[in-house]
Each structure stands twice: as structure tokens, then as C-alpha cells.
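Visitor: Fit chains B, C and D to the given chain A structure using the hints.
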Amino acid sequence: MIDPLYLEGVIKILFVFVLISAALIISTRSLASVLNTYTVQSFLLAAVSFLLYLIDGKSELLLLAGLTLASKVLLIPHFINRIEEKIKIRRDLDFTYLEPTTSLLLSIGLILLSYTFLSRVFGDLALSRLFFFGAVIGLSLTLMGMLVMFSRKKVITKALGYLSMENGVLMLGIFVTELPFILEVLIVIDLIILVLLTSILAVGLDSSIEEYRAKIRKLQIWNGGEAL
Amino acid sequence: MIRFYLLAMGAFLALDLLPKSHRLMNALASGNALLHLALTCTALLTLDLPVRYGPSLYLDHLNLYVELITVLGFCAAAPYAKGYTESLMEEGELDPKNLKLFYLAFNLLLVTATAALFSDNLALFWIFAELTTVCAAVLVVILSARENIDAGLKYVFIVSGAMLFAFLGLIFLFTLSARALGEGTLSWTELMENASSFSPALLLASFAFVFIGFGAKAGIAPFHTWLPDAYARAPSVSAILSGLMQNLGIYGILRTYALLRVSDSAPQASFILIAAGLFSIALAAFSMLQQRNLKRLIAFSSVEHMGLLLIGIGIGTPIALFWALFYMLVHVLVKEALLFAAGILHRQYGSNMREDMRDVFKLQPRAAWTLILGSIAIVGMPPFPLFPAKFFILLESAEVSPYLTLAVLLLLILAAAAFSNFLLKAFSRVTEEGEGEHGKEPGYRKKSFQDPYVVRAGMRIPTVFMLALALLLGLWFPEPLKVLLEAIVLELGYV
Amino acid sequence: MALIRKVKAQAQGRKGPGIFQAYYDLRKLIHKETIYSPASSGIMRLTPYLNLAALLVCSLFVPLVFVPEPAGGFGNVIVFLYLLALERFFTALCGLDAGSAFGGMGSSRSMSLAAVIEPTMVVAFAALAFVLKSLNLHEMFALTAGSILPVSPTLVLVSISLFIILIVETGRLPVDNPATHLELTMINEAMVLEQSGKNLALLELSHALKQLLLMGVLINTILPVGLSTEADAGKIVISALSFLLKAGALAVVIGLFESSLAKMRLFRLPAFYMMAFFFSALTILIEVFA
Amino acid sequence: MLEALVYGAFAALFSGTVLPLLYRSKNARKASFGLSFISSVLLLGFAGTILYTGKGALFPAISFLPGLDFTLGVDRLSAGFVLLIAAVVPGVSIYSLEYTEHAKSEAGKDLQAALTNLFILAMLLVVLAGNMVVFLIFWEIMSLSSLLLVLHDYSSEENKKAGFFYFVMTNLSTAFLFLGFISLFRLTGSAELGQLESVDPGALTLPFLCLFTGFGIKAGLVPFHKWLPYAHPAAPSGVSALMSGVMLKVAVYGFLRFLLAVPSPELWWGILVLTGGSLSALFGVIYALKESDIKRLLAYSSIENIGIIFIGIGLYVIFEAEGLPALALMSLTGACFHAFNHALFKSLLFLCAGSVVHATGTRNIEAFGGLVKSMPVTSALFLIGSVSIAALPPANGFAGELLLYQAFFQASALNDPLLTVLLVIALSGFALAGALAAALFVKLFGITCLALPRSEESRLAEEVPRPMLIRAAVPAAFCILAGIFSKQLLSLAGLDVEYPDLLLLGLLLGSIYAALFLAVRAKEDHEMEKRPARISETWGCGAPTLAPSMEYSSAGFSEPLVMIFKSIYRTRIMHRPKYFDGQESLFKNGNVEIRLLRFFEEYLYIPPARAIDSISKRISRLQNGKLDSYVLYAFLAVITLIIATGVLV
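Protein chains in written order, with the numbering used here: chain A, 1 to 228; chain B, 1 to 495; chain C, 1 to 290; chain D, 1 to 649.
Just chain A, with the same shape it has in the complex (with noise of 0.2 Å):
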């Protein structure tokens, strides 16, 4: 058995990567470098999920490190991959609004808000340091993908942006408090229909009418099976 003060001390530094994750997702051109961040990130969640189990033995967290394992890790950007390869767009390189250096800019100051903000709402719920500073995270987390699929342009990236905000939602779940292991799996097939539909779309969106009924036709039987 591990001393949970030192579990504690990585699953912070975690937290320092997963922030450098999303701000590197706001920052950095390629398509492909984006999708690996992201996928980075994902697993770093799922690390994260994993040592709070060492710490108080919760089996559902384990079997979210494991859901969140099959699904972010590997399901979602296979799949977004073969979007790419179908599309054939290596990199998103304008941004809108805001330049990354800015919105880089920015992110702090959602971090800042974000803190204030929760410790102003939880300010008579006594989380413990840790779990607050991951409340804290999630929040801006969730912040920074929103900002990040409205300062990026190429329908994919904001596919990612939307994910690393829904994977924002997740850890502030898993830190406020435990949730029932049914909502992880909601959100998440949630999650794999959107990707499914978005991707679908932005297959469409650049590709003229007609190779497009010939993929839609392809994808219809996903579409209902899914949502099932």
C-alpha cells in the first residue's frame, strides 16, 4: 500500500500536465498533434481516476479509469484518425477571434474565475485541498474547450474542444463527489453519438452534395443503431 500523501502529491503534478494538455490543444496547429493531446489528456484522466482508487478504494472509480480508458484513449480518436484520413486536412491553422497567445492569456483567467467562483459556491462544503483544486480544474477545463471550439475553425477541432470540455465535466465529477457509474457510461455514449454525428456532418460539410449521400448512406445505420 502506497502513502496516499505521496499519491496525492502526483495526482497534483497530473493536474499540472492536464492543464499544459488543454492549453497546448488551444495552441498548437496540426490536426494530428491536437487529437494526440487530447488523447493524452483522456488517459491522463483516467491515471488521475485510477490513483484516487489506491487512495480510497472505490471500485467505481477503477471502472471508470477503464471506461474512460476503452473509450477516450482508444474508441474516439481511432475514429476521429479515419475522419482525418477521409478528410484530407492535416492542419487547422486559422484562428478566429482569438491568436493562441491570447487566448492562452485567457485560460488563466478562466482558471482564476473559475476558482473564485467555486470557492465562493462551496464555500460551506469543506472539500479538501485536493479535491477542490480538481473541482477547480475541471471547471476551467471545461472553460477552455468552449474556448477552444469557438477560436479554432475546422470542424474537428471543435469536436475536441467539445470532448476536452465534456472531459472537464468528468473530473469535476469524479472530484466533487462520486457519481453513480451509470452517468459515467451515459455521458459517454453520449459523447461517441455526438462524435459520430459531428465528424458525419463535417465529413459532409467539406465535401460536395453528391460523394456525400454515397457516405451518408454508409454511416445512416451507425446513426439509428446509436441512438438506441
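Derived by calculation from the structure, the hints in this document are not laboratory data. Mixed in with the good hints there might be a few duds.
In silico BS3-like pairs for lysine-lysine, Cα to Cα no more than 30 Å straight-line [as the list claims (entries may be wrong)]:
hint : chain 1 : residue 1 : chain 2 : residue 2
1    : D       : Lys161    : B       : Lys362
2    : B       : Lys362    : D       : Lys373
3    : A       : Lys154    : A       : Lys86
4    : D       : Lys160    : D       : Lys373
5    : D       : Lys487    : D       : Lys617
6    : D       : Lys290    : A       : Lys154
7    : B       : Lys362    : B       : Lys425
8    : B       : Lys482    : D       : Lys55
9    : D       : Lys487    : D       : Lys55
10   : A       : Lys153    : D       : Lys626
11   : B       : Lys97     : B       : Lys82
12   : A       : Lys86     : D       : Lys160
13   : B       : Lys20     : B       : Lys100
14   : A       : Lys86     : A       : Lys12
15   : D       : Lys487    : B       : Lys362
16   : D       : Lys226    : D       : Lys161
17   : D       : Lys617    : A       : Lys153
18   : B       : Lys362    : B       : Lys82
19   : D       : Lys161    : D       : Lys617
20   : B       : Lys82     : B       : Lys20
21   : B       : Lys425    : D       : Lys487
22   : D       : Lys290    : B       : Lys362
23   : D       : Lys160    : D       : Lys617
24   : D       : Lys226    : D       : Lys617
25   : C       : Lys235    : C       : Lys133
26   : B       : Lys97     : A       : Lys86
27   : B       : Lys425    : D       : Lys617
28   : A       : Lys153    : A       : Lys86
29   : D       : Lys55     : B       : Lys425
30   : B       : Lys482    : B       : Lys362
31   : A       : Lys154    : B       : Lys82
32   : D       : Lys373    : B       : Lys425
33   : D       : Lys161    : D       : Lys290
34   : B       : Lys82     : B       : Lys100
35   : D       : Lys26     : D       : Lys160
36   : A       : Lys86     : B       : Lys100
37   : D       : Lys226    : D       : Lys290
38   : D       : Lys26     : C       : Lys133
Since we're looking at a predicted model, the values are computed, not measured.
Guide: Relative to chain A, chains B, C and D alone:
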């Protein structure tokens, strides 16, 4: 229980995959809608509400009422859809192969909406709401033309993005309940029972987040931006159906606000609601003035009405709530009539733009009059029932501040002016004899506008029916409805 | 008015027509034939009678020789004013009727001037009503009757404005020149230009009557001495005589006033009226503040 | 019994509304107008008895909305206005019978017939409304139906403008009424209009202001009058008669209804109303003088008369506040009576104008002339109308103003000097307006009917068909009668005010007139054999014949007054040069026009409209179709919401 329902529906949908003929598919769709209608009515009549079945199925007056509204919308939309999609396919705008997908999504939307409404568990509600978003998006992109996809993307991104915040709100709620009860829960009923013991601060925060999510679903400014594009670019039917989903958002907000009423943070919450409502009304009213596109106009007007609904909820007096609920129903009726008529005009002229409309009274007199009467109704003029609803909501709003009332009134004038302006400009264009060929306008490249587009009965009847129903409600307020609404008001803990 | 002409003539160093010239004119006119213009219409025929009728009714309102008990709303100031308005209205109409440019011009001008003088008149009579605390000319003058001097100093002010009104209403210099037939200057004459024969006679008559009535009001206001209140033969004779005297005096005054002035430009007149307005307003102010 | 009459009227009007829509035929239209005629007769009986007995009635309430009943009630005031409606309607309905047939399309005709009935019904119900909500409902329906009638010829550009403008203005007024009624509702806690005794006057300020604005807009009070001169020419003549004859009065009714419910009105209310009234009286008539479009001119004169009515109301409030009930009653009576009379003669005039326009095909006064020969009956009726609107005794226009004058003249009874001075100023304004109105109608009648035709149309004009004559004869008769029997009418209505007997006056006038006429005629007769009355040309300074172009034109007629009031008629010189080249160096041609500066529009209506327009442009630019910006908005909203929550917590 809800699982059984889902199973049944799953079977139904599987069935839906089989048929080949359009007629059969449509029959299935309308059958489904009617089935739901029947179920709802029987539930309303027979059960002594509220009741719970199993862990997660919860029936009370409120969700049955909302379900009733939604299903009404579907029942009207189903026959309309037939005629509309047919003409779409004639035009070659809709790929016949997508037809099945269309109906799949149609039924699926209904099912998910129902499931969302009746699930007692907030999380389930949330996920099903998400699924409705997905289905609606599929309906929007059904033409798989570029701008449809664009609209669909906006819809998905904005709404789901906001919905994530709603999920944050749920997490907060869960935490609260965990703190209060030791064992966390997300079931409406349990939350309602001991909402009083929650910490107001966190409750308010969760409300704010939930509000973001469902506000986006309901098309509250500034999350409304998906709405006009979806309305304007999607085929009318899809517009209608995605419009119906707005009530889902309102429903969520209503319930969450009901949670807050017992705690100390009610005033802040109602402040948020009223502010958002006023903002929506203002934004919508101002942007309506510039619209040359009929469907966009209608879209903005539903943003405006959502704003008014929010105010009605936010005031927090029983009367206001009562009329706000009534408002929900009537708004759906009138709005559908308007959209139906707009769809007919779109078939006629191949465009929603005001410039392309010409000789409306000669070509589509019925649609024209439906539009006129519908606009009269939608701007809240008697004898249509939006008028008393408006009056009483404003009456209660004077409680908050007369200036609020004045502001709303003036903004409503703008909206009314926008409608009248549009109709005047669109309908008064008459071609005298000997006026030259109008080859330029896109509307006439599609059809020579001398010959009227034959409106199928399936499209005409629902249009007239909705309007007639609205008018009837304006002239006579049925007693059962009154009882139902009062029951809802009581259930939500308004006294 | 004959007297006025006389006085003017005297003042201008001529030997004017005899006092009764006006009556000679009337007799002559009555014996002349009537000529209508083809352009004209029933208005042309209707007006003279109507005017005279209106003014005869008016004359019941103004006590010249004695004050009867007010009955049936007779003597109501407003009715009085509006009867005059009626007369003016129809005169203006028949000015337009013949379709000659003169008539049009005349009626246009007179209506405009009337419009401008109207507030003055009303306020002046309102002032009377204020001072004498009644709406009824008879009651008013029943109040003033008998006293040598005006019962209230403010009445002097009122009578100044009344005097101006008299000038304006009867179309005398400097507002209008009754003797002229030069289109630039004439107002009243222009309107009756197309009238002839008996109709003209009637119009002239009503014109003179109007003048008489206004003079009566003025006189009764400024020096009501000798005005008797009950219908008793002796008194009536006295007051009649006194009235004749006073009227004569007033006529002389008017004559002198006229001949001492040149005709004003049309658009300088409002200023002239403002004077009258000022006086009557002043009266009311004094009445109110005192 | 009485109720039966009213219900009969409702039934008639309602069936008159639906009939033409169900059976689209000429007979149906005929029937519907016949029905409205019948209803008006019924109403006459009803209102007459109520007025006479003075016993109000409250009809059984129908449960209508949760927490609100549908109640109708009637008392003396409303009965008076019902009488007003019933007096105007017969003329209009017979008139429209003919007039409607000139509409473009069949559907248009049916619609006109139906809407006219609906319009009347709505006005009737507004007057009878028992509580605020019912009032508002029918108020809106009234506005709506009149709007659709204004838009009967929707293809013409100016009608569209007029309709839009009217719609916006009427919505504005409704909005203010909403606010006013809502605040009243808050104060009293009930929708009834009657119960204000318990409320302290201070709290009534907001309702008063709102209602004054709202009703003022609807009644066309300066400076909210601008919609009248647009809407009236656009509507069919029968409808314009209804609008300016009755609808404006309905607004007056609403205002009175409120004022009478107030136990002790405040002084400054009265002053405000009085000022508004005087202003509209003056501006209305002054603008009318300049106008050469006959219907627009009439619209302006409606503004003037509304002004007079509001002067009366203002006087009422002032005297009431100063505790002089007798005078208050007198001025109130004056106001109501003038409203009644104005309804009569204005509808008469509008109908005459309608037939003149119908006969000549133009609305421009300058083109008329000499109609007295081509259409004698119409001109005679027109003359009656003009006489009574110029307030000449013994016609009815005079009767109402007489009361107001009396009230003014007795202002000395007030013990507040400044107030008296104010009244004197108002009085002079009132008098000026009256005289100007007289001038105006000398001009209108003289130019329209007298002298030589100024255009081919008016030379070829011929008398309109009989129905259109009968209809106008009805209000004409009412005008004379209401004037002559004014004292009797008032005493019948149970209002005993100091008032001269115009009947006597009229009789006297008539008899003297007859006497004179006979005398002269007799004299002429025994001269006849000697010299017949000769017909000869007008003296045209020796010109052989008199050309119409030599006649005095309407513009020329009002010239002196324009000169006198030139400070009010501001003119502006518009200079629009055109050039051959972009550098504007080679002057090609251009036009310079001097047009009347429309004061109120340019300083009161246009600026806010512009502002709103630019704002809305700016806002609708936000919806730029880019997903990024949409998400950005959402993002910002989220941030603000988070901050807000943080602050609120």
C-alpha cells in the same frame, strides 16, 4: 417500466425499418404519434397523479401536460410531413433513400422526448434530452444540402455544448443531495422533498448551470443562435419538430426553478430568469424588424415568446405560472400553424424571401389568411388566447416593476410591427396585366408562378386545425384545462 | 353711418351728402332690379335674407333703448357673437359664389381677419362677462343701466377694445375702406360686389344694423346714462333720445378717427388687433387680481 | 326588455359579419348592411330609454377566463355613446351598400361588408364593456378591423404606409392602455373600472398618465395625431366616417370612464388635458387650412374637434378639482354633447366628401368647383355639414361649443387668479380655433361647390345614386334637429345646465327669414311685368367671359392666414441638382422644391424610428451565420452568468 417502454419503442422502430412504401412509413409515424396521444390522454384521465412506476418513471400533471403539447404537435406534423416530403422529392431536393432515415428520426424524436419527460431521474432526463437534440439535428440535415449540414452542426454544437454545463449543474445537485441525505440522488421527487435543506449558494450555482443547458435547448438568447438557422434552412417539418423541443428546455428550467423556490436563493434565480427573458425579448424583437425571410421571422418570434415564458416563470406567482403554462400550449399551436403556412408558401415560391412572394392572395389564399390570422394571434391580439395570457403575465410582472412591464410592452410593439411590416410588404405585391416576365427572381425559376401549387389535404387540414384550435381556446377556456393547470401549479409548490 | 360719412366729408373739407342719404340709397336699390350671375347659385339668393334675419334676431339681444327681462336665453353673449359669425359666414360664401376673383379675395381676407379678431372679441366679451358677472347682455346692462359713469373703471379698457372691434367688424378704416372699389383695398365691398338691387339693399341694411348693434353695446358699456330698465313710455322716450345723442357722438368720433388714419396693410392688422386683445386681457387680469 | 334590444343588436351585427363571408354574394352584402341598419335602430331605442330613465343595467356575466368574467354593463355615459354610435351607423350602412360595390375584387367587397359590421360591433362592445379586460379585447378588435379596412386597397403604396403607421400608433396606444389598466388593477385588485374611491389620488398618477397618453394617441391628440391624416384618406369613405365619427369618440369615452371613476381628480391633470386639447384644436385647424386633399382636410378638422372635446374634459377636471360642480357638469356636458355632434356632422361631411370624390374621381380640392349645379342635393347636405361644423347657430355644432364658452365665461368664479388667466389664454385659443374652422369651411364649401368648375371632372360630375343621398340625409337631419332641440335633448338626458333655448332662436330666425323673403318676393312680383330679374355675367374687369382659372383657388384663399401663421408653417427648400459627371461640375438639371416642413414628423416621429432601425440593423448583424461567433456568444454568456451567480451568491 421506462425500460419496457423503450423496449416496445425499439421494437416499433425496428418495424419502422421494414416498409418500403412512403404511405406505410407515414402511417406508422402518425400511428405512433396517435398512440402516444392516446396514452397521454388515458394517463391524464385515469391515473390519480402523481404516480411513480419503478425507480425512474414518474408521471405527474406537469410532464403529462408538456407531453400532451408535444404529441399534439407531432400528430399535426405527421400528415403534413407526407405531403411536404413528397413535394420535396418531386423537386429532387430530398433523396428518396433518406426518407427512411427521416421517419426513423421522426419516431425516435418522439420516443426520446417522451422518455425524457417521464424520467424521474435528472440524469436520464438529461441524456434523453441530448438524444432529442441528435435526432432533431438529423432531421435538420435530412436534405444533406450544404447549408442544412451547417445549420445542423450549429444546432448540435451549441446545444450540446451548453448541455454539458447542465451536466455540471446536475453534478452540483447530486453533491447537494449527497450532503443532505448522505446518499446522493438525482430523482426529481426526492430532490423536491428536501430541497429546503440544501445550501442555497450551491443550489443557485447548479440552477445557473442547468439554466445554461436547458436555456440553449429552449432557444433563450444568447443561446438562441441555432434557432433561426435551423428554422430557415431545414425543411418546415424539421423546423416544427425541433421547435417542439424548446418546450423540453422550458420544462427543465421549470422543474429546477421549482427546486429553488423553497430555498433562500429564489429571488436571485428569478432575477436571472427575468433578466434572461427580457434580454431574449429585446434581442428577438430588434432582429425581427430586419427580417426579409419568413421562417427566420417566425424563429425569432419564438425566441421572443420563450423570453416571455421565462418572465412568466420568473415572476413566481401562481397566476403568472398558470398563464405561462397556458401560453406554452397556445404558442405551440399558433407557431405550428404559422410554420405550416410558411411551408406551403415555400413550396409555392421555392423561397422564404419576402421579395419572391407575389399575388399571394391569388395563388395561396388559404395559406395567406392563415399567416395573417396566425400573426395576429402570435402578436397577442384578441380573440386569440395569447392575449389574456399576455395580459395576466404582464399584470403579474407589474408586481416586480412597472418599468419591466412597460419595457416588455414596447418591445412587443416592435415584434408586432415587424410582423405587420413583413406581411404588408410580402402580400401586397400584385402583378398587373402586361407586367413582364419575372425570370430573375429565384422563386420563379423553379415554377412559373401563374399556376398555384396544389396543397395536399394532408398539409391543409393540420394547418387549419391548429389555428381553429387556438381560436377555440381564445373564445372558450375549457374547465378541465383549468383544473389541470391549477394542479400543476400546486405540484410545483406555488401557493 | 350716414353721419360718419358726413363728418368725414366735413373733416375733409367737402360738403358731404345729407344725413339721410343712406335711406335714399336703400330706396333706390329696392326699386332696382336684381341681377344674378350665371355662375352664382342659391347661396347668392339666400344670403341677404338670412343675414338680415340673423341681425334682426341679434337686435333682440342688445338693449338699445331699454332693458327687458332676460327670457328664453335671449341676450346670451355667445349666441350674439355667433349670430354675427353666421352673417359673416354667408357673406363670405356669396363672395365666393359668383366666382369672380374679387369676391374670392374679399371673402378670403374677411374670413382671415375675422379669424384673427375672433379671440379678441370673445375675450372682450368675456371681460364684460367677468366685470358684470353675467352671460346675458340684458342682465349686464341692467346692471350698468342708470349710472352716469361706467360702473367699473375696467369697463373703460373693455370699451377701448370694443371700439376697435366695432371698427373692424363694420369694415371701416384703417381696416377696410367702405368707400373704395379698388380691388387691392376692399374687403367687405368685394364680397357684395356681385349683389345688386334688393339683395344689395338688404345687405347694406344688415350691415348698418350690425354697426348700430355694436355701437349700442359699446355705448351701454361706456356711458349707460339714461338707459331705462323698465318698459315705461316716458323713460323709453328719454333713453331713446339719449341713445340717439350718444350714437351721434360716437359716430362723430368714429368719423374723426377714420379720417385721421390711413388704411393699414393687411398683414399689419393683426398687430392692431393685438392692441384690442391686450386691453381686454388686461381688463380680465385687473378684475381677477383686484 | 332593454337587454333584448341589445342582444338583438349584437345578433344582427354578428350575423352581418359572418353572412358575407359564408355566402359570398351581393345579396349577402346587402343583407349585412341591412342588419347593421336594424341594429342601429334597436340601439337607438335602447340608448334613448337608458338616457331618459337614467337607470343603468348590468348584463348577466358569462364566466370567461379563470379569475375573470365577461361582463357588460351600461349607464348614462355609455348609453350616450351608444346613442352616438347608433346615430352614425344608419347613414354609413346605407351609404356603404352602394359604395362597397366599387371595390376591386368580389372577395374585397365581402370582406369590407363583414369588417364594417365587425368594426361597429367591436366599438359597441368597447363602450358596453364591464371590465378592463373586456374593454381591451374589443378595443384591440376595433383597431384590428379598422386597420384591415384601411388596408382594403393593399396594393397602393401610400395605403401600405398609412396602414403600417396606423398599426404602430394604435399598438402604442394599446400598450399604454395595458400599462394604465394593469396599474389600476394592481391598485384596486379587481378588473372593474368603477372602484377607485379607496385609492389615494397620489397613486393614480401613473395610471392617469398612461391612460391619457393611450387614449390621446387613439383620439388623435396633438402631438400623437399624425396617423389620422394618413389613415382617413386611405379608408373607404364610409369607414372614415365611422373612424373619425365614432372610433375617436370611443377613445374619449374610455378616458371619461376613467376620469369619472376617480373620486377627486387633481388640478394639474385638468391643466394638462386642457393644454393638450387647446394645442390640438389650434394645430388641427391650422394644418387643415393648408391642406388641399379633401379627406385629409377633414381628418385634420377631426383633430381640431377632438381638441375641443378634450378642452371640455380639461375644464371639467379643473372645475371638479376646484370644487365647482355646476360648472364641471356644464363643461362635461359640453364635451359629451360636442362629441355627439361631431360624430354627426363629421360623418355627414365624410360621406359627402365620399360622394364628391366618387363623382369627380379626385381628392384634390383645387379640381372641384361648381358642384352645386351638377350635384345639388349633395352640396346642400354639404352646406348643412359645413354650417354645423363651423359652429353657427342654430345647427348642432354650435350647441356643444356654446356650453364650453359659457363654462369659460364663468371662470371668474375660480378663486385662483393664475388659473383664471390660464383659462383666458385657453379661451382665446379656443375662439381662434373656432373662427379658423369657420374660415376653413367657407373655403371648403366655397371652393368645392360654388362658382365655376375648375376641372373637366367636376364639370362632368353627376349626382350620386339615391342610396348615397339618403344616407347622408340621415345625419344631416340629425344635425339640424340636435341643434335646434339641444335644450330639450339635454333636459331629456336629465342634465339641467344653464342653456339658452335654441329652438326659440331657430324659430325666430326662420320666421323672420320667411317674412322678409315673402315681402321682397311680393314686391318683385308686382314689378315682374315691368322688369324680369336679369341674368348677366359676373363682372370680370371687362373681360368678356370669366374663365375658371381666374377664380380664387383654395391655396389663394388660405394665403392670408398662412401669412399670419407663417411661424407655424415652416417651409424648407429642397435642392436636388443632377450632374453629368461624378465631379458634379457639369450641371445637368435639377429640381428645387419648397415644401411644408412637417414639424411633428420630422422632430417627433422620424428620429426614434431611425434610432430603432439602426439598432435593429446592428443587432441583426450579430446573427452572422458563423458558428464560431455563435459559440463565442454562448461562451460570453456563460462567463457572465458565472460571474453573476458568483456575485449573487
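Visitor: All hints, please: hold or fail.
Guide: Checked hints:
1. D:Lys161 / B:Lys362: Judged against 30 Å, a Cα distance of about 22 Å means the pair holds.
2. B:Lys362 / D:Lys373: violated, 44 Å
3. A:Lys154 / A:Lys86: Satisfied, since the Cα-Cα distance of roughly 14 Å is no more than 30 Å.
4. D:Lys160 / D:Lys373: Outside the cut-off at roughly 36 Å; violated.
5. D:Lys487 / D:Lys617: violated, 60 Å
6. D:Lys290 / A:Lys154: violated, 66 Å
7. B:Lys362 / B:Lys425: holds, 16 Å
8. B:Lys482 / D:Lys55: violated, 37 Å
9. D:Lys487 / D:Lys55: holds, 21 Å
10. A:Lys153 / D:Lys626: Holds, at roughly 10 Å.
11. B:Lys97 / B:Lys82: holds, 15 Å
12. A:Lys86 / D:Lys160: Since the Cα atoms of A:Lys86 and D:Lys160 sit roughly 55 Å apart, the hinted pair is violated (cutoff 30 Å).
13. B:Lys20 / B:Lys100: holds, 8 Å
14. A:Lys86 / A:Lys12: Judged against 30 Å, a Cα distance of about 39 Å means the pair is violated.
15. D:Lys487 / B:Lys362: violated, 56 Å
16. D:Lys226 / D:Lys161: holds, 12 Å
17. D:Lys617 / A:Lys153: holds, 26 Å
18. B:Lys362 / B:Lys82: holds, 25 Å
19. D:Lys161 / D:Lys617: Given pair D:Lys161, D:Lys617 holds - Cα atoms ~21 Å apart, limit 30 Å.
20. B:Lys82 / B:Lys20: holds, 14 Å
21. B:Lys425 / D:Lys487: violated, 52 Å
22. D:Lys290 / B:Lys362: violated, 41 Å
23. D:Lys160 / D:Lys617: Cα-Cα ~22 Å, so holds.
24. D:Lys226 / D:Lys617: holds, 26 Å
25. C:Lys235 / C:Lys133: holds, 26 Å
26. B:Lys97 / A:Lys86: Judged against 30 Å, a Cα distance of about 23 Å means the pair holds.
27. B:Lys425 / D:Lys617: Holds, at roughly 18 Å.
28. A:Lys153 / A:Lys86: With a Cα-Cα distance of about 18 Å, the restraint between A:Lys153 and A:Lys86 holds, given a limit of 30 Å.
29. D:Lys55 / B:Lys425: Not OK: D:Lys55 and B:Lys425 at ~50 Å, beyond 30 Å, violated.
30. B:Lys482 / B:Lys362: Violated - the C-alpha atoms of B:Lys362 and B:Lys482 are around 41 Å apart, more than 30 Å.
31. A:Lys154 / B:Lys82: This hinted pair is violated, its Cα atoms lying about 36 Å apart.
32. D:Lys373 / B:Lys425: violated, 44 Å
33. D:Lys161 / D:Lys290: holds, 22 Å
34. B:Lys82 / B:Lys100: Cα-Cα ~12 Å, so holds.
35. D:Lys26 / D:Lys160: Holds - the C-alpha atoms of D:Lys160 and D:Lys26 are around 27 Å apart, at most 30 Å.
36. A:Lys86 / B:Lys100: It holds: about 26 Å lies between the C-alpha atoms, which stays within 30 Å.
37. D:Lys226 / D:Lys290: Given that 30 Å is the threshold and the Cα spacing comes to 15 Å, the pair holds.
38. D:Lys26 / C:Lys133: The given pair, whose Cα atoms are some 62 Å apart, is violated under the 30 Å limit.
The structure fails hints 2, 4, 5, 6, 8, 12, 14, 15, 21, 22, 29, 30, 31, 32, 38 (numbered hints given earlier, in ascending order).
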